[in-house]
Every structure is written in structure tokens, then in C-alpha cells.
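So the protein lines, in turn, are chains A and B. First residue of the first sequence? That's 2 in my numbering, and the numbers climb one at a time after it. First residue of the second sequence? That's 7 in my numbering, and the numbers climb one at a time after it.
These aren't lab readings, by the way, just hints derived from the structure by calculation. Ideal Cβ placement from N, Cα and C applies to all residues, glycine included. Hints may contain errors.
To be verified - Once the Cα atoms are required to be at most 25 Å apart in a straight line, the calculated DSS-like pairs of lysine-lysine come out as:
#, chain 1, residue 1, chain 2, residue 2
1, B, Lys103, A, Lys276
2, B, Lys163, A, Lys276
3, B, Lys103, A, Lys46
4, A, Lys70, B, Lys103
5, A, Lys53, A, Lys70
6, B, Lys163, B, Lys103
7, A, Lys46, B, Lys163
Unchecked claim - Reference excerpt, derived from the structure (chain A facing chain B, CB under 8 Å, subset only):
#, residue
8, Lys53
9, Ile69
10, Arg115
11, Ile122
12, Leu200
13, Leu204
14, Pro231
15, Ile234
16, Leu261
17, Tyr278
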Amino acid sequence: MYSKQYKLAVTVPPLMWVSLFLLCAYLILFAHSFWSVRDGQIARKFTLANYKQIVSSPLYLEVLFRSIKMAGAVTGLALLLAYPVVYYLSFRARHKNLLYQLIIVPLWVSYLVRAYAWKTILGSDGVLNTSLQFLHITHAPVSALLYSPFAVVLTLTHIYTPFAFLPIFASLEHVPRNLIEASQDLGATPWQTFRRVILPLSLPGVIAGATFAFVLSLGDFLAPLLVGGPSGIMISNIVVSLFGAAYDWPLGAAISLLMLVMVVSLLFATERLEKRYSYQ
Amino acid sequence: MMGRSKGGLLAGYSALVFAFLYLPIAVLILYSFNGPGVGGFPPRDLTLHWYRVLFEDDAIWNSVLNSVIVALVAVVLALLIGTPAALALDRASFPGKALFRRLVLLPLILPGIITGLSLLMLCVFSGMELSLVTIALGHGTALIAVATTEVFAGLQKFDRRQEEASLDLGANHWQTFWRITLPNLRLSIVGAALLIFTLSMDEIAVSFFLVGRENTLPLEIWSRLRRGMTPEINAVSTIIFLFSLFTIIVWYRIRTRGQAQEIVQASIIQGETHEPEPPGLHQVRDRRQRGRRMPR
């Protein structure tokens, strides 16, 4: 029913804009990763030097693996925090909608503000340390709290738990209640019902939530800068420094491209998994 | 059903998780009233001093103004591109459609640093000077995804027969779009605009790379954080928090009212009652993953 002109009118402008500003931008990132810096100038000549440098330098790989570990820890913690709460909300709680909104609210609190809040809590003169001393639990500030991978993981968990929460909630809300009743009628214990019916049906949501938590925390660079200290830096911090003072855009682009490839392949993989586990 | 004690355990655990989510925010707000500065327990000399300092701080208010301008431009841009993009994804088939859909959604799913860097290199490559304009272009482009997913979701609920009727009755496509399509998408568009505005006001990863001389509010806060912590930052954070809260409530109101209307209309037209979607569930899809549910 839509005429050719109509289709052209709605297709061409967005297509052009997106090609110009997004596709070109990502392609330029791709191109930069094969260029190099000579005498403080970016030399636009094909080279694999950046990738060789990444693979041969222990620094980059080490930080990359540490970032993956930290993002993995954030993901695990976020699921551990979110799943029982979602379960409680979906199956038990009386004020489901109110509690649901309460989970959403922190998502709207500025990202920076949440990271900063942790800095004020964990610092040596921070709220946690001074409270511990006030209560005579410790007598000197515990300095290991701030500027450590632990602080980064804690902060990122706080920031990204709601992201894990949302898709799990959606999937648990869609678990057909009659399947649960059937399982109970057929004599399954509550644990068996959970293990065999509810958990498998909620897997797509768990996978989606885990993906968000992982991808977003892997690419984070502000929280590590705020609360991480030298031992808590992540791969994105290296990229930022390469784009800043170190002025090696091509190397930074190569690391970014590596991250992009990792993230996109992860998204493809989890999309597959989600489809496999969805029962419809 | 599980035993009572287990249910209690679950409730207790949930309460702890809520405490974990809210305590930092509570601490932040509390210490905006703390006279001596951030830190130290218990809080003492409660004062509005830091709010007074904040209200006299021109640099902060200048950055707020910048952020509002950037966010408004981003809203207009994202809607101008995102709405036709949703119509195209819904109604047209063209080569590269699958790639186009993924590309539009990519900035929402990718860590902001990758999109920020790519846009920075694009700007430098094409010789654009970094300024508020580049930030607004960056936000607008990155947030097209929000407009597209919102409007696309609106289109799924919308009855195309109304458009058919309009076309049959002699209206042209342009008239049909203005009189039928757009009014029906009103709710999605307002929702998208509010979301884009709030996301842009808070955005820092993309702005971080595209900033010129003028700071946006998050960048201004960021540069001050690097220098040291003062309760003034807590005060401005508290105001941002209250503002976000206000936006959610407005948005929520619009959504539930619109939904109620839709349900009434649907039951009048179809003569059946229709179980409403649990309020708030649409938001599940709103932030990031709604796009991933689009049909292939």
C-alpha cells in the first residue's frame, strides 16, 4: 500500500545519515588500526604493526585479560544480586510495580554521580572508613578499599546490576504460570520446579542481562579512573591514554577494534543462545 | 510453594540488594548538607552552604545550559532520523536492511568509548572543529537507536487499516502521515524524546572525546572530580537526581495514561477485554534491549 516515493522518502535520509556518521566513523576506526604514527603525524599507510605490538607486549594483553576478569566478576555479581530479587518480585512480592520502579530509579541517576558516590564512600577519609572508626571496628583507615580492582568491580556492579535485572524480570514475567502449577500438581518439590521449569525458561533473560553487564563494564573507563588507581585500570583506560597524552591513535584504534570485534561476536553468540533457549 | 522461612529469606536478601542500590545515593545526598566537606562520620554541621556556593557558580550553570542545548538538538536530530528509520524498517525492504538495523542499534549496545573514538576520528578526518556542535551531532547520531526502537514499537501496536482508509478516501501519503501516522505515534515520540533528553544530559563517554572548549554538565563535574571532592558536587548531583526522578514520573504518567486509553479503545473496537501489560514492563525494553527484539 505504500508507494515507491513513500518508501524512498523514509529510507534514503536515515540510510544516508547513518552511513555517513556511523558507518564511516566505524570504518575510519578500522582504517586507523592499520596506520601508524611517524614523527608525530599519522601515516596513512597499511601496516600490521599495531596488532603485532598488542600481541607481543605483555602490558596490553595483561590489562585486557584483567579487564575481562573484572567484567566477568561484575557480571557474576550482578546476576547473583539481580536474580533472587527478580524472583522475589515476580513470584512473591505484593508491591511488584512499586519495587520494579525502585530498581529503575538508580538507572536514571547519573552514571557519573553513582561512580562518584562510591569514591566518597570508599576513600581513606570516606564514609565507610570513618564509620568503621566511629564504631571502633577499626582504628586506622583501611586504605585497600579505594584505588583497587575491588573498588572498580564494586562500583561497576552497582552501576550495571539494574541492567541485568531488567531482561531477567521480563523473562520471569513471561514464564507461563500454568506450567508452574502443572509441575507442582505433578508432585515436583519447589526446588525441582525452580530447577526444571522456571530457571530454564528464564535463561534467555539471564543471558541478555549477563551480556549487558559484561559488555558495558568491559568498555568502562570512567569508573576505573575515579576509583581504580593504577592497579585497577582497564583496557579502555589504555585506549584513552593512547588517544590523549601518548598520542598513538592507530594503536588505540587497533585495541578499540579488538574490543569491538569481541563485543560484536559476543552479541551474536548470545543472540543465538537466547533464541535456542526461548521456548516460543 | 516454598515454605515461609524461605520466602522470608528471599525478602531479606532483596531488602539487602535494595540497600546496596540505594545507600550510595543516600550517602551522596546526605553529604551535600555536610558543612566540613565530603567524608567523615557522622555527618555534622548540616548546612545549605554548598547549595549557595552551587547557585553562585557560573561555570556549572553555563555547563548546564550547554547540556540542555546539546540535549535539545540531539532530541530533534535523533527523532528526525530515527522516525523515518523506524518507518523504513517497518514498511520498506531495501538491500542492506539487516545491516542498517544493526548499525543503527550498535551505539546503544557498544561501550560508549568505541562510538566516541570513532566519531572523534571522523571529525578530525573531515576537518570539523570540536565544539558543542560535534557533541550534539554525536549524541543525536548515537541516540537514533532510541528513537527508532521506540517508534518501531509504537508502529507494531498501530492499526494500519486507518492509513489504508485515509489513502482510500483520497488523502495523499503526506496528509496521511501528518493526520494519521504521526498522531498515532505521539506517545512513542514523546517517550523517545524524554528518554533521549535524559540520556544525552547524562552522556559522558561520547562527549569525553568530542568536547571542544565548552563543557557539558557531566564533563564539568568530571573535570572538578579530578581536582578534588567538594560537597558542591554532591549538591549538583542531588539536583540532577531530583530532576531525573521528576522526568521518570512525568514519563510514567504519560505512558500509563496512554496505555489506559489504548486499552479502552481496543476493547471498544474489538468488544473484548484485554489484559493490560504490567505497567513498567515496556521500560524493560526501553533502555537497551528493546532493539534486539526487532524482527529480522
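_Given A/Ile122 as an interface hint, is its Cβ closer than 8 Å to any Cβ of chain B?_
Holds, about 6 Å.
*For the pair supplied as a hint, B/Lys163 and A/Lys276, is the alpha-carbon distance within the 25 Å limit?*
Measuring from Cα to Cα gives roughly 23 Å; hence the hint holds.
*Under 8 Å, Cβ to Cβ, is where A/Arg115 needs to be relative to chain B, so tell me if that hint holds or is violated.*
The hint holds - A/Arg115 has a Cβ within 8 Å of chain B, the shortest such distance being about 6 Å.
*Hint check, A/Leu204 versus chain B [nearest Cβ-Cβ separation less than 8 Å]*: violated (15 Å)
*Straight-line Cα separation of B/Lys163 and B/Lys103 no greater than 25 Å?*
The hint holds at about 22 Å.
_With the threshold set at 25 Å, check whether the alpha-carbon distance from B/Lys103 to A/Lys276 stays at or below it._
Satisfied, since the Cα-Cα distance of roughly 21 Å is no more than 25 Å.
*Holds or violated: is the Cβ of A/Leu200 closer than 8 Å to a Cβ in chain B?*
A/Leu200 check fails; min Cβ-Cβ to chain B is 14 Å, beyond 8 Å.
*Can we keep the A/Ile234 interface hint, with Cβ of chain B closer than 8 Å?*
With a minimum Cβ separation of about 13 Å from chain B (threshold 8 Å), the hint on A/Ile234 is violated.
*Please work out if B/Lys103 and A/Lys46 have their alpha carbons no farther apart than 25 Å.*
At roughly 33 Å apart (the allowed maximum being 25 Å), A/Lys46 and B/Lys103 break the hint.
*Go through the hint on A/Lys53 and say holds or violated, using the shortest Cβ distance to chain B against 8 Å.*
It is violated, given that the least Cβ distance between A/Lys53 and chain B is near 21 Å, above 8 Å.
*asked:* Given A/Tyr278 as an interface hint, is its Cβ closer than 8 Å to any Cβ of chain B?
replied: violated (14 Å)
*For the pair supplied as a hint, A/Lys70 and B/Lys103, confirm whether the alpha-carbon distance does not exceed 25 Å.*
violated (36 Å)
When each numbered hint is compared with the structure, violations occur for hints 3, 4, 7, 8, 9, 12, 13, 14, 15, 17.
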